[in-house]
Amino acid sequence: MRELELYFGPQHLGMVGNFSITLQVEGDRIVKATANPGFLHRGFEKLMEQRTWIQNFPLVCRINVVEPDHMELMYAMAVEKLAGIEVPERAQFIRSIYLELARVGSHLFGLWAYANMLGFDTVANWAMYHRDLILDLFEELTGGRVYHIYLWPGGVRRDFPEGFEDRIRSTLHTIGSCVPDYDDTFFHNRLFYERAHEVGKLSLEEACRMGAVGQVLRATGMKKDIRKTEPYAAYDQVDWEIPVRTDGDAYSRIWVVRDEMIESVHMIFKLLDKLPKGEAYQRIPNPFKWKIPENEVYVRCESSRGELGLYLVSEGGDKPCRAHFRTPSYSHGLTILEKALENESIADVGNIMISLYITAPEIDR
Amino acid sequence: MVIVLVLQILFVTLLSCLVGLFLIGLSRKMTARIHWRYGPPLSQPFIDIVKWFSQTAVSHGKLFDAGMIFSLTGSVVVVLFLPFGGICPLRGSGGLLVILYLMLIAPLGIALSAGEAANPYASIGVSRKLQLAFGYELSLLMILLSLMTYYRTVSIVDIVEAQIQSGWSLVQLPLVVSGLAYLLIMPAIMGIRPFEMIQAPQEISSGPMAEYGGKFLAFATLQHALNIYIGLSLFVNLFLGGGSNAGYFLIKLLLAFMVFQVIHAVWPRFRIEQAVRCLWRWPALLAFIGLIIVWVTTS
Amino acid sequence: MQYELRSMFEGISTEGDGETRVTVKCRKETVITMLSFLKKTGFDHLALISCVDRINNNELELVYILSSYGGDAAMQKLNILVKTRIPRENPQFYTATEIFRNASPYERELHELFGIFFRGHPGLTPLFLEREYDIPPFRKDFDTRKYVKDVFDQIPFVDDKKGRT
Amino acid sequence: MDRNNIGKWFKSPGNMGQKYSLHALYFCTGCGIIEIPPTITTRWDAERFGVIPVATPRQANLFLITGYVSVKTLRYIIRSYEQMPEPKYTVGFGSCPINGGMYWDSYNTIKHLDKYIPVDGWIAGCMPRPEAVFVAVTHLWTLIDKGMATGYLKYREHYTKYRRNQEKVLGKLEWPPLFSIEEENEKSREKVAV
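Chains as they are written, first to last, in the numbering used here: chain A, 5 to 369; chain B, 338 to 636; chain C, 91 to 255; chain D, 240 to 433.
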């Protein structure tokens, strides 16, 4: 049969983010897939070298538009470690609550993308609506819907407003009350199983060899989560479980996402119950004259896509010398995607891509 | 006499286009309501058609234009064979076999036209369309055979008249199984979910429609509207007793459409090989059983 | 851990708190053997390959960050930063793609942004960039502001009626 | 639909059709795309105004440039824009296509989008809220009504200049020009000016 070269993206309705895959197709089967990133490359890390430590905050959150909060956390944590700033306990709790809210929002966005891809328009619309409810909380807290710039070296920018904890609870109850509906129409739907089962399968060994992290790894059966192995913020203060499934296909990846969302919501409730009183931020030196001693640091956290890291070098100046983000989508999108797409049908390209949770801006930076 | 015929032809063509477009608008509104949205105005498809005709359009060759016209003509001719209430312009000739034959013209025309565009997504879409047709044609043939055996006629008008006297086919015992089979293949004929993989914008960039813009898209949408009308009208005429007048017929059409729309709104789409497997399993089996039942009871 | 490494390899120096981060500085010849040794010991996850332009010393510093998938809790906590320095002019290095499969895109990126040639890499094709640059853009002596002024600001507006420049 | 519009529908059906059925090309050019899903789904529901995303440029007549434009994306933006049937409208979404926004000193993003393709309207902000899309759409309606949304005509008229600007950034373009290029005329005009 004749081989055909097919361009999937960047202008494509099934493509979430500006990303392109070149497919070698034989009939309906994909022989070879080549990822083609770079449509969103802005040279962030170069731009960061030209701005002062505090000026970089608006920049880092724009690296991943779906989930800017973990990027802020990374940068704030790295600066704290370099400058030796302690974070008050209340700020740690607030950070955890805020990051878990962001995780739920990001997973709902992923659910929108995945459901939309398979044609579950109704579920997609619901998911987007519920994400908007979470964005409303963020808007009240920080003033921005998408980009918040809320985390700060030494804590958070401002404390929770009055009654905010109750509003978080009621919003999460609203979303949680719809979980049975989601289950009936989407997760327990036979067609979802038919479409996603045995698609884009990865074994545990392959996943480890190609550097999988996050729910791609957890769907293959490995119980690994940075929040447990190297706890940051207040994750070691409450009990929670790591959801795991063993099949390693798109079906189990989406189920892991669902379980993680529910686990996150439970975690927020526990954190809210334990929230201590006190200061929410520590004063930092004058940001205009702030110089950070010469050192280097590698920090990591668990974003909603997996292990997120930042390698930050200071040369004793008022600007960073070098910053390099280790983003989970990088190996998912460039190594694993090419492998997972081999011998799959054209109908499943978007299906696999979104189940791997790839966001293009994270790759390109 | 000729004038009456011409008037009837014009009337039915125009009305079926209008009904088809109205159904598309209704479908968009209903889907929106199920999505917790407000939805577009019901007249939105008409506005779209007006817009597309006012745009420039890029043609990709003579066959690109001819295929489109070919396919639209095929659909219009099928419509003329279907009774619209009491009106059926071409009542004397043909009947079910001709309809079955003519229904193949529309996909072929689209295939010719989209093939000329040389867009790989369009050709994938066309191959999906033909595979899907291959999936439901057999069941459709068996269902029509059982109807023809039961009523001992090939004329669709006679079948409608027989139903007016003796009640709907769907509630007559020997035909119930065939009716169920038709209900199952109905989404595939109309091209809605879970059999929407022909267009599947998230997978293959709306398939055969990928290269259509401007007036070509308008024609393609009209053809799609007619296609929906044909699928529903066949069902209403064959199983729901047609209609003694146009109003009654339209109400039945609308109710049948709404049932399928609800399915369309909450289901995803199959992969093409899953769809063909599914179509060859249950509907084909049911249609075969129905055929045997009818054959046993009538002989 | 640090003692073990120091006894096995020559000419390396290690530092770190021993619990979460360990930095290993070594000569450029030992890096590849070091990486494969560390992979066998259990540090089988390559988190990042980064590069720092030390323009004052006229050197490029390559940083490989490793962590562990399996292993006990203490080992999972540990990140190892393997560092080496290569000259800035005509920089060349050996590829790590045969040890870690996900090293390939990182090396392509460094090839593009820093101009480091990785010997033995299966395909060092461009990854991100569309235009070609005289100096690889992530090096310290590449001035993006000047570049923007020279390239993008020189392109004229199409209608000059509004008086914009 | 507004009853006052019936007269307009008879007078210029084409314009009214363009107004009430803006089909936006789904192209995630930048991070602004994050606000498009809320705009088209339950919370804001752009389909009320006839704005829906479509899959291919041939079916679209509204091009929302959502966010910064890198050099690599610009090539695909131009290709998509040239494939859209006329009349077509472009709206820049976010600060970055206006003047570079916060990437004013980045080496890989173009700063002024209207140097390369004509733009009919801008939405400022980073990130603009979904309501801003509706404001832009209603403004675009006014422009279409008054006959001022003529970006596509401008593209025809100044095609030589646009093409030259595009080639300055992207190098030699591999597709043939959409309209004729007046190479000699330009040269002779320059000579006269000299």
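Because the hints were derived from the structure by calculation, they are not lab data.
Bear in mind that the values here come from a model prediction, so they are computed numbers and not experimental data.
Incorrect hints may appear among the rest.
Said to hold, decoys possible - Straight-line alpha carbon distances no greater than 16 Å define the calculated EDC-like cross-link-like pairs of lysine to aspartate or glutamate that follow:
hint	chain 1	residue 1	chain 2	residue 2
1	D	Lys407	C	Glu220
2	C	Lys167	C	Glu220
3	D	Lys407	C	Glu222
4	B	Lys552	D	Glu325
5	C	Lys230	A	Glu245
6	C	Lys118	C	Glu149
7	C	Lys130	C	Glu94
8	D	Lys411	C	Glu222
9	C	Lys230	A	Glu267
10	D	Lys393	C	Asp249
11	A	Lys36	A	Glu319
12	D	Lys354	C	Asp243
13	C	Lys230	A	Glu49
14	C	Lys230	D	Asp344
15	D	Lys407	C	Asp243
16	A	Lys343	A	Glu202
17	A	Lys85	A	Glu319
18	A	Lys232	A	Glu245
19	A	Lys227	C	Asp162
20	A	Lys295	A	Glu144
21	A	Lys232	A	Glu202
22	D	Lys354	C	Asp233
23	C	Lys236	A	Glu202
24	A	Lys232	C	Asp162
25	D	Lys354	D	Glu396
26	A	Lys232	A	Asp243
27	C	Lys129	A	Glu209
- Message: For Lys393(D) and Asp249(C), compute the direct alpha-carbon distance and say whether it is at most 16 Å.
- Response: Status holds; Cα separation ~9 Å.
- Query: Hey, Lys232(A) versus Glu245(A), does the alpha-carbon distance stay inside 16 Å?
  - Reply: 9 Å, holds
- Message: Need the status of pair Lys85(A), Glu319(A): alpha-carbon distance at most 16 Å?
- Response: 14 Å, holds
- Message: Run the distance test for Lys354(D) versus Asp243(C): straight-line Cα separation, threshold 16 Å.
- Response: 10 Å, holds
- Quick one, are Lys130(C) and Glu94(C) close enough, alpha carbons at most 16 Å? Since the Cα atoms of Lys130(C) and Glu94(C) sit roughly 14 Å apart, the hinted pair holds (cutoff 16 Å).
- If you draw a straight line from the CA of Lys227(A) to the CA of Asp162(C), is it 16 Å or shorter? Holds: Lys227(A) and Asp162(C) sit about 12 Å apart, inside 16 Å.
- Item | Holds or violated: Lys232(A) to Asp243(A), with C-alpha atoms at most 16 Å apart | 10 Å, holds
- Message: Next pair to validate is Lys354(D) with Glu396(D); report whether the Cα-Cα distance is within 16 Å.
- Response: Given that 16 Å is the threshold and the Cα spacing comes to 14 Å, the pair holds.
- Mind checking the alpha carbons of Lys295(A) and Glu144(A) for me, to see if they're no more than 16 Å apart? 33 Å, violated
- Task: Would you check the hint for Lys552(B) and Glu325(D), treating anything up to 16 Å between C-alpha atoms as holding?
- Result: 12 Å, holds
- Restraint check for Lys167(C) with Glu220(C), where alpha carbons must lie at most 16 Å apart: This hinted pair is violated, its Cα atoms lying about 39 Å apart.
- Message: For a C-alpha distance cap of 16 Å, please report whether Lys232(A) and Glu202(A) respect it.
- Response: Cα-Cα ~29 Å, so violated.
Hints 2, 5, 9, 11, 20, 21, 22 and 23 from the list above are not met by this structure, while the remaining hints are.
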